[in-house]
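Participant: With chain A's structure known, arrange chain B on it following the hints.
Residue numbers (the numbering used here), protein chains in the order written: chain A, 1 to 337; chain B, 1 to 337.
Simulated from the structure, these hints should not be mistaken for laboratory data. Incorrect hints may have been included.
[To be verified] Quick list of in silico lysine to any residue cross-link-like pairs, SDA-like style, CA-CA up to 20 Å:
{"#": "1", "chain 1": "A", "residue 1": "K285", "chain 2": "A", "residue 2": "E246"}
{"#": "2", "chain 1": "B", "residue 1": "K285", "chain 2": "B", "residue 2": "G307"}
{"#": "3", "chain 1": "A", "residue 1": "K185", "chain 2": "B", "residue 2": "H278"}
{"#": "4", "chain 1": "A", "residue 1": "K285", "chain 2": "A", "residue 2": "R263"}
{"#": "5", "chain 1": "A", "residue 1": "K285", "chain 2": "B", "residue 2": "D34"}
{"#": "6", "chain 1": "A", "residue 1": "K54", "chain 2": "B", "residue 2": "H278"}
{"#": "7", "chain 1": "B", "residue 1": "K66", "chain 2": "B", "residue 2": "P52"}
{"#": "8", "chain 1": "B", "residue 1": "K285", "chain 2": "A", "residue 2": "S59"}
{"#": "9", "chain 1": "A", "residue 1": "K285", "chain 2": "B", "residue 2": "R36"}
{"#": "10", "chain 1": "A", "residue 1": "K54", "chain 2": "B", "residue 2": "K66"}
{"#": "11", "chain 1": "A", "residue 1": "K54", "chain 2": "B", "residue 2": "R254"}
{"#": "12", "chain 1": "B", "residue 1": "K54", "chain 2": "A", "residue 2": "K136"}
{"#": "13", "chain 1": "B", "residue 1": "K54", "chain 2": "A", "residue 2": "V266"}
{"#": "14", "chain 1": "B", "residue 1": "K122", "chain 2": "A", "residue 2": "G184"}
{"#": "15", "chain 1": "A", "residue 1": "K136", "chain 2": "A", "residue 2": "L108"}
{"#": "16", "chain 1": "A", "residue 1": "K185", "chain 2": "B", "residue 2": "S161"}
{"#": "17", "chain 1": "B", "residue 1": "K90", "chain 2": "A", "residue 2": "V101"}
{"#": "18", "chain 1": "A", "residue 1": "K90", "chain 2": "A", "residue 2": "S59"}
{"#": "19", "chain 1": "A", "residue 1": "K185", "chain 2": "B", "residue 2": "A39"}
{"#": "20", "chain 1": "A", "residue 1": "K132", "chain 2": "A", "residue 2": "Q154"}
[As the list claims (entries may be wrong)] Which bits of chain A does chain B cover? Going by a derived footprint, with three or more residues having C-beta under 8 Å, they are:
{"#": "21", "stretch": "133–139"}
{"#": "22", "stretch": "176–183"}
Even for Gly, the Cβ is constructed at its ideal location relative to N, Cα and C.
Number of protein chains: 2
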Amino acid sequence: MLITDPVSWYYLAGFTGDAGALIVSRRGTILFTDGRFTAQARQETSAIRIIPQKGSLASAVGQFFKGGGRVRVGFDPGQVTVAQLRAVQKEVGPRVRLVPVNGLVQQLRNRKDPEEIGRMRKAAMLASGIMKDALKLLKPGVREFEVAAEIEYQMRQRGGSGPAFETIVAFGERSAYPHARPTGKRLRKNELVVLDLGVILAHYCSDITRTVVVGGASARVRRWHKAVQEAQEAAIESTNAGVRCEEVDAAARRVLAGYRLDRYFVHSTGHGLGLAVHEDPRIAKGQTQTLEPGNVITIEPGVYVPGVGGIRIEDDVAIHAGRTEVLTRGARELIEI
Amino acid sequence: MLITDPVSWYYLAGFTGDAGALIVSRRGTILFTDGRFTAQARQETSAIRIIPQKGSLASAVGQFFKGGGRVRVGFDPGQVTVAQLRAVQKEVGPRVRLVPVNGLVQQLRNRKDPEEIGRMRKAAMLASGIMKDALKLLKPGVREFEVAAEIEYQMRQRGGSGPAFETIVAFGERSAYPHARPTGKRLRKNELVVLDLGVILAHYCSDITRTVVVGGASARVRRWHKAVQEAQEAAIESTNAGVRCEEVDAAARRVLAGYRLDRYFVHSTGHGLGLAVHEDPRIAKGQTQTLEPGNVITIEPGVYVPGVGGIRIEDDVAIHAGRTEVLTRGARELIEI
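Extracted from the complex, chain A is given alone in its bound form (with noise of 0.2 Å):
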């Protein structure tokens, strides 16, 4: 099996570089990386032959299979582009076979031992005290980006390697953005704000988002945020070891009809999370597959009304063989600070 995604050699050999090739065979594990990475390969693995990469990945890949014999090579189609395949395939020659297999790496990622819960929920624990210190930032006045700026220095301060993607920090009718980018707009009384942050810690993702408002909240809104909390706390009630995952999604969404508020709901409810932000299983409409133990997901219905703003609430939740933890932490409540 030809693996050509960093998360996933990382998660087969302990690899941390971001440029190569992993071959998995019976006969053993060989990496092919550049110039830059040997070193630090030969470090941080043990039992793999490693094989400096000269020219281009493909030729060094057919070089290595060049003059053996009939063998079949199995590849993720979902991560090899099509000149990816091309320029292999003319290298290995005709007597290597490339075969398409599925996911099957993300397969074993998706479902996590115990110790990568144990690390998962400590990388849970730490965005969810960094979320907890981030409200207190939250002034009249104070920028989106200024506060982006402080939780990503926090996350490195406590030890994570960095954010696991673009903090979002989202006043007043921005809120309505789901995936609104920080920028220099100030925080006004009254306003919503959405904090949607997550810290890789020892290689593992977390995902918390919390929404408040700064002041006084009106009716509307407080209609708005507790119709997403009962959605968010029924899907995390659904969500059990053999439940469909679109079981949990439409939990979540019940919830929001019985509001009127569903058409507002314009994501899926959540997505598994690991060494990967997005990984399967994805918490979504159509996704028959069931939950089984070891999966790691999220939990983040949302309302977004277009120029008024948005609520959206995410919990991190464990699936254990018949029991779930939410690894993350704190109160869910509208908070009017």
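Facilitator: Frame of chain A; chain B shown alone:
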């Protein structure tokens, strides 16, 4: 032409979301994106048709072409995965021919116009200022990740949207890893320090490296640094429109060979820089393409002695018609703090 790379669709259409697909045709431009991004897309773009994507991206694109006549649609084989191509081909049906077109948008992106160069100048100046201040943080006892945290905090505080890549802060023998990730290691007196940082400002990347010693440098380290500094000067000197990229790489390598240090120069001399931190042209062996006005590249030779330490000096260079411009600022001499 089907565009699936977020950086390229920002370049062409101004949309900053990271999920969707753009189709550019003689008859107009169409953006497919999901519910998280549709409101944002309407605000960020103009004269573009936005089609909210319900199911998969492939089925949205397929629906669009269904019932139309015979058409040819270009795609970039370096951006589209094998799985994406199969899914789109299946949905669009036999009347649509998908044609591989290599790096078409990338070629446009490689030739920056004066406004883009202006933005890159600002990003480079910002990175240079942050580098200058970061050097003041280097006191015995400070940890690598503390310095990285402060650097990335300053990026945000000064208006950047964040680091263009994971900031490299490497002390002592860790400086021998060209892509070292910051750890908890504390700085000791007389150790080498490599700082490699880049900030994204108004979407454009910068990239600068300096190597210093906190205390006094050994004669050996001074000689290495002199060699790298001269290699960088020679490479910058050789940079000009019409020159082959491999010649710039050779200019740096030749100087290091004169010091018998070329075998410690384990990577290429530089890379294109722009909306992405690694773009074409690559300044490496075997790169026969010529530099042209509008290219912005890094020049970053180094020597890395395993178990001892490494040295790298990096600046960003814009190629104009008949002249070149170094965008980054700051002394390149070995600073002994």
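Participant: Indicate, hint by hint, whether the structure satisfies it.
Facilitator: So, going through the hints one by one against the coordinates:
Between K285/A and E246/A the alpha-carbon distance is near 5 Å, which keeps this suggested pair within the 20 Å criterion. At most 20 Å may separate the alpha-carbon atoms for a hinted pair to count; K285/B and G307/B exceed this at roughly 27 Å. Straight-line distance between C-alpha atoms of K185/A and H278/B comes to about 31 Å, which puts the hinted pair past the 20 Å bound. Of the pairs offered as hints, the one joining K285/A and R263/A holds, with about 14 Å between alpha carbons and a cut-off of 20 Å not exceeded.
The hinted pair formed by K285/A and D34/B meets the criterion: a straight-line CA distance of about 13 Å does not exceed 20 Å. The straight-line distance between the Cα atoms of K54/A and H278/B is roughly 19 Å, inside the 20 Å bound, and the hint therefore holds. As the CA atoms of K66/B and P52/B are separated by approximately 16 Å, the hinted pair is consistent with the 20 Å bound. The hinted pair formed by K285/B and S59/A meets the criterion: a straight-line CA distance of about 15 Å does not exceed 20 Å.
For the hint linking K285/A to R36/B, the alpha-carbon distance of about 15 Å falls within 20 Å, and the restraint holds. Restraint check for K54/A and K66/B: the C-alpha separation of about 46 Å exceeds 20 Å, so the hint is violated. Of the supplied pair hints, the one linking K54/A and R254/B holds, its CA atoms being roughly 19 Å apart against a limit of 20 Å. Of the pairs offered as hints, the one joining K54/B and K136/A is violated, with about 38 Å between alpha carbons and a cut-off of 20 Å exceeded.
Straight-line distance between C-alpha atoms of K54/B and V266/A comes to about 10 Å, which keeps the hinted pair within the 20 Å bound. Among the hinted pairs, K122/B with G184/A is consistent with the structure: their alpha-carbon atoms are about 18 Å apart, no more than 20 Å. For the given pair, K136/A sits about 40 Å from L108/A by alpha-carbon distance, which is inconsistent with the 20 Å threshold. Between K185/A and S161/B the CA atoms are separated by roughly 14 Å; this keeps the pair inside 20 Å, and the hint holds.
Straight-line distance between C-alpha atoms of K90/B and V101/A comes to about 18 Å, which keeps the hinted pair within the 20 Å bound. This hinted pair checks out: K90/A and S59/A have alpha carbons roughly 9 Å apart, not beyond 20 Å. For the hint linking K185/A to A39/B, the alpha-carbon distance of about 18 Å falls within 20 Å, and the restraint holds. For the hint pairing K132/A with Q154/A, the CA-to-CA distance comes to about 12 Å; that is within 20 Å, so the pair holds.
Residues of the stretch 133–139 of chain A with a Cβ under 8 Å from some Cβ of chain B number 0, which does not satisfy the need for three, so the listed coverage is violated. For the stretch 176–183 of chain A, the stated coverage by chain B holds: 7 residues have a C-beta nearer than 8 Å to a C-beta of that chain, and at least 3 were required.
When held up to the earlier numbered hints, the structure conflicts with 2, 3, 10, 12, 15 and 21 and fits the remainder.
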